[in-house]
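Listed below, chain by chain, are the residues.
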Amino acid sequence: MAVLFGLGVAPALGAPPKAIDIGANQTVWFEEDHTVPMVAVSISLPAGSAYDPSAKPGLAALAAYLFNEGAGNLNSTTYQDELARRAIQLNLSPDRDYFTLSFVTLSANLKDAFRLVGLALQRPRFDADAIVRVRAQMLQSLQQEGEDPEAMASRRFYELFFAGHPYGHEVGGTAAGLGAITATDLKAFAKWHWVRGGVKIAVSGDTDTATLTSLLKSAFGPLAANTPPAPPRVTRTSAPSLTTVAMAVPQSTALFGVPGILRNDPDYLAGYVANYIVGGGDFSSRLTNEVREKRGLTYGISMSFGDYRGGGYIIGQVATKRESIGESLAVIRDVLRTFAQDGPTADELSDAKTYLTGSYPLAFSSNSGIAAQLNSFQREGLPIEYVARRNGLINGLTLDDVRRAARRLFNPTRLVVVVAGAPPAINKSVKPGKTAKPH
Amino acid sequence: MEAGGTICSTGSSFFQGIPTLIDRETAKRCIFAACLALVGSVAHAAPQKVSQFALPNGMQVVVIPDHRAPVVTQMVWFRVGAMDDPQGLSGLAHFFEHMMFRGTKSVPGDQFARTLARNGGEDNAFTTQDYTAFYEQIARDRLRLAMDLEADRMAELDLSEPNVTTERDVVLEERRMRIDNSPQALAGEQVDAALFLSHPYGRPVIGWPGEVRRIGRAEAQDFYNHHYAPNNAILVIAGDVTVDQVRADANATFGRVAARPLVPRVECAQPVRLGETRLAVADPNAKVAYFSRDYRVKSYSEAAPGQAEALDVLAGLLGGDSNSALYRRLVVEKRLATEVGASFDGDSRDDGKFTIYAIPAPGVSLEAVERASDDVIAKFVNSPPAAAELARVKTQLVASAIYQRDSQYALASAYGQALAIGLTVADVQSWPQRINAVTAQDVRKNAASSLVGRESVTLFLKPGPK
Numbered sequence: 001m002a003v004l005f006g007l008g009v010a011p012a013l014g015a016p017p018k019a020i021d022i023g024a025n026q027t028v029w030f031e032e033d034h035t036v037p038m039v040a041v042s043i044s045l046p047a048g049s050a051y052d053p054s055a056k057p058g059l060a061a062l063a064a065y066l067f068n069e070g071a072g073n074l075n076s077t078t079y080q081d082e083l084a085r086r087a088i089q090l091n092l093s094p095d096r097d098y099f100t101l102s103f104v105t106l107s108a109n110l111k112d113a114f115r116l117v118g119l120a121l122q123r124p125r126f127d128a129d130a131i132v133r134v135r136a137q138m139l140q141s142l143q144q145e146g147e148d149p150e151a152m153a154s155r156r157f158y159e160l161f162f163a164g165h166p167y168g169h170e171v172g173g174t175a176a177g178l179g180a181i182t183a184t185d186l187k188a189f190a191k192w193h194w195v196r197g198g199v200k201i202a203v204s205g206d207t208d209t210a211t212l213t214s215l216l217k218s219a220f221g222p223l224a225a226n227t228p229p230a231p232p233r234v235t236r237t238s239a240p241s242l243t244t245v246a247m248a249v250p251q252s253t254a255l256f257g258v259p260g261i262l263r264n265d266p267d268y269l270a271g272y273v274a275n276y277i278v279g280g281g282d283f284s285s286r287l288t289n290e291v292r293e294k295r296g297l298t299y300g301i302s303m304s305f306g307d308y309r310g311g312g313y314i315i316g317q318v319a320t321k322r323e324s325i326g327e328s329l330a331v332i333r334d335v336l337r338t339f340a341q342d343g344p345t346a347d348e349l350s351d352a353k354t355y356l357t358g359s360y361p362l363a364f365s366s367n368s369g370i371a372a373q374l375n376s377f378q379r380e381g382l383p384i385e386y387v388a389r390r391n392g393l394i395n396g397l398t399l400d401d402v403r404r405a406a407r408r409l410f411n412p413t414r415l416v417v418v419v420a421g422a423p424p425a426i427n428k429s430v431k432p433g434k435t436a437k438p439h
Numbered sequence: 440m441e442a443g444g445t446i447c448s449t450g451s452s453f454f455q456g457i458p459t460l461i462d463r464e465t466a467k468r469c470i471f472a473a474c475l476a477l478v479g480s481v482a483h484a485a486p487q488k489v490s491q492f493a494l495p496n497g498m499q500v501v502v503i504p505d506h507r508a509p510v511v512t513q514m515v516w517f518r519v520g521a522m523d524d525p526q527g528l529s530g531l532a533h534f535f536e537h538m539m540f541r542g543t544k545s546v547p548g549d550q551f552a553r554t555l556a557r558n559g560g561e562d563n564a565f566t567t568q569d570y571t572a573f574y575e576q577i578a579r580d581r582l583r584l585a586m587d588l589e590a591d592r593m594a595e596l597d598l599s600e601p602n603v604t605t606e607r608d609v610v611l612e613e614r615r616m617r618i619d620n621s622p623q624a625l626a627g628e629q630v631d632a633a634l635f636l637s638h639p640y641g642r643p644v645i646g647w648p649g650e651v652r653r654i655g656r657a658e659a660q661d662f663y664n665h666h667y668a669p670n671n672a673i674l675v676i677a678g679d680v681t682v683d684q685v686r687a688d689a690n691a692t693f694g695r696v697a698a699r700p701l702v703p704r705v706e707c708a709q710p711v712r713l714g715e716t717r718l719a720v721a722d723p724n725a726k727v728a729y730f731s732r733d734y735r736v737k738s739y740s741e742a743a744p745g746q747a748e749a750l751d752v753l754a755g756l757l758g759g760d761s762n763s764a765l766y767r768r769l770v771v772e773k774r775l776a777t778e779v780g781a782s783f784d785g786d787s788r789d790d791g792k793f794t795i796y797a798i799p800a801p802g803v804s805l806e807a808v809e810r811a812s813d814d815v816i817a818k819f820v821n822s823p824p825a826a827a828e829l830a831r832v833k834t835q836l837v838a839s840a841i842y843q844r845d846s847q848y849a850l851a852s853a854y855g856q857a858l859a860i861g862l863t864v865a866d867v868q869s870w871p872q873r874i875n876a877v878t879a880q881d882v883r884k885n886a887a888s889s890l891v892g893r894e895s896v897t898l899f900l901k902p903g904p905k
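Listed in order, the protein sequences are those of chains A and B.
Going by our numbering, the first sequence opens with residue 1, and the numbers climb by one from there.
Going by our numbering, the second sequence opens with residue 440, and the numbers climb by one from there.
Just so you know, these hints were derived from the structure itself, not from any lab.
Computed from a predicted model, the values in this text were never measured in an experiment.
It is possible that some hints are incorrect.
Keeping only pairs whose Cα atoms sit at most 25 angstroms apart, straight-line, the calculated BS3-like set for lysine-lysine is [unchecked claim]:
1) A:K321 x B:K544
2) A:K294 x B:K544
3) B:K726 x B:K773
4) B:K726 x A:K321
Chain A extracted, bound-state conformation:
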């Protein structure tokens, strides 16, 4: 059979998104498409967990999860009914820098969707019964995380990796932190963080610029214009370490990471491509090949290359039966060592470029996908022209660029490793729950 090993140029995207001015230096990115009678909207507010007070981790997340629990003269039940009977699907995703709220709606209900979202932003209620209920749900989630080695490893890993920085605590907070939060805290948080300054908005679908501009202005116009400062820069990087969290589960999960770089670092894209080659690619990375395909040690291993506003991260994850965790970690260190030393081959770089540029249009094949992708570029502080320039920048990277980034970033002697489970060969055990004090 003929397999085409094509290296052709990826197809162009459709029309580039438009920037809509809604006043006060705010621009909204908008991709217009009338094929499906729906609109997808993604809004990121500078209201992530990095802004939690040190004694109240979980404040940003609790505020976010109360977003649809009543606003203005609508109590929780009425507010939810207003959304539900119009099939407006709202998703609330607090993260470390931003609180992203996204929704899809039939285009016929777009006006009501913006009215309801605007009302919740402008006049959130934080009613006592809603606080009690949602806090109880979050506490129960924390409790249930104790079953999940991935969650337990992640909690400990972030504490160590971002030691002393507000990125170090989980977005969902702690039981003590959630317990200490009051309605006054929530109202103050919303007032300073659910604001027009620094908000990032992307829209895709069946509407037009004039309609959208007017809806956006009425939803966001009344909000305070202050811009919360970006979270502090991550200055102190954690020392290399191996930590275990004891859990009686058949399969252990390990998180492993090295410090990343800021989005505006000249090596950022080279590092991103390097990460794809060593651990980011689904079935084609060096780690997948060595740990899964050759040795059958795991169902999945991958590395994620990304950035918060104050600092970057390169974090990998692997899950394997407890007696194999030592071997898996040894293989991972070997793979990283070789990669840091020699970098990728010319073929690997070429394959990475054709994958990353060729698959780029897949992110733009649905309204929901477009809104999410555009909003993520906005959160990273990229200009709207980046949407069209991105593939050219990746194609322009040289083997030297990526080798330099590999050498600079993927040094296994800097690894922070946390294993949750009960690996026999690794001591230094830390009991779950006995975690570092949040700052």
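Starting from the known structure of chain A, arrange chain B on it as the hints suggest.
Here is chain B on its own, set in the frame of chain A:
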């Protein structure tokens, strides 16, 4: 099928999206409050221009044009799943799905995935009780490549022994991750085993560990020979294509694979259950208690007209959103639970499953949660739902079919799944109208006839020593 019954080939979805370590938090939260997605609603589409034809070798083809972006989604569905696993070899169908990525004579080793990736393509696969599906998403000018690759592995897979052994270890790790590490998933396996009696739906898709370990090269080869044939497959292409182009390319690729004699699918008895089953599980790894009730009910393939549709509506009324009856009563009004849900899994060849579940609030007993749930269910059994509630749920279900048109993958899945379990393109297209036609009395009648105790398994999962 619900996510719990569907398993994929790659575990590397951990990090899709940035930064996924945090998204996990979001996803969990999504289950109970923020997200209005109806867990119980099946993926069916609103009317969409769809063409259907067959190749001379018997392969069915469905084409769904979507010209918004220059990309395509290809799915190949085989009418074989875990229910076709031979006795004593549960997990074979799922294991075999993995083997489809281990190379052929012309595209050896990992070249399938590498070739696709090099061409900007994404790919994966999943297995359920009823079917196994493989898919690729790629730029439209690479569709022919994806078709060549799929046709090639349908024709001449290379099942060498070392591959089989390594991949079996991968599958056992997948099982540890999905099932053995999760108290709720472990208990869920036993619920299905009890619910479906001797029907193969009672065996886990991923297989019992002792049986997975028995799978060898010969079993895999035999399974391939008798199930992975064009006359047992459905090709679905959604995206920036024309029907004529797909027809020509399908004939030139899949059309060259010869039809093979199939092993007839086993028809299994589904005897009436004579009594309810109650399952009490204590698990030292569990950190929260968990209540669930699963009813064996008629699926879309078996049900009388309107019956399964009424169950989709009922699931929405009971647990679809924050104003659903179970959520209102147990979470908001009585504060007995922190999380509740209801779902109807009616996309199966044989019986479907209607599920309600709850996580009790701290200090609340499973008995109290069950009593309150039973009260809510009794309301629907005894009287028709209020008009406003019914309208809200129907609006959401019908809108879900429109939202589905936003995604090539969701559209292709809806048609592929329907055909794989014996439904038709017309069934998918008429689903919104059929949902709209459900009356309050239909809901009451079907709640009464479907949510019957003897057809149920009730699970009490508690933290504690075994």
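Hints versus structure:
The straight-line distance between the Cα atoms of A:K321 and B:K544 is roughly 33 angstroms, outside the 25 angstroms bound, and the hint therefore fails. Of the pairs offered as hints, the one joining A:K294 and B:K544 holds, with about 19 angstroms between alpha carbons and a cut-off of 25 angstroms not exceeded. A threshold of 25 angstroms between alpha carbons decides the hint, and for B:K726 with B:K773 the separation of about 22 angstroms falls inside it, so the pair holds. A distance of roughly 21 angstroms separates the Cα atoms of B:K726 and A:K321; the hinted pair therefore holds under the 25 angstroms criterion.
Hint 1 from the list above is the single one not met by this structure.
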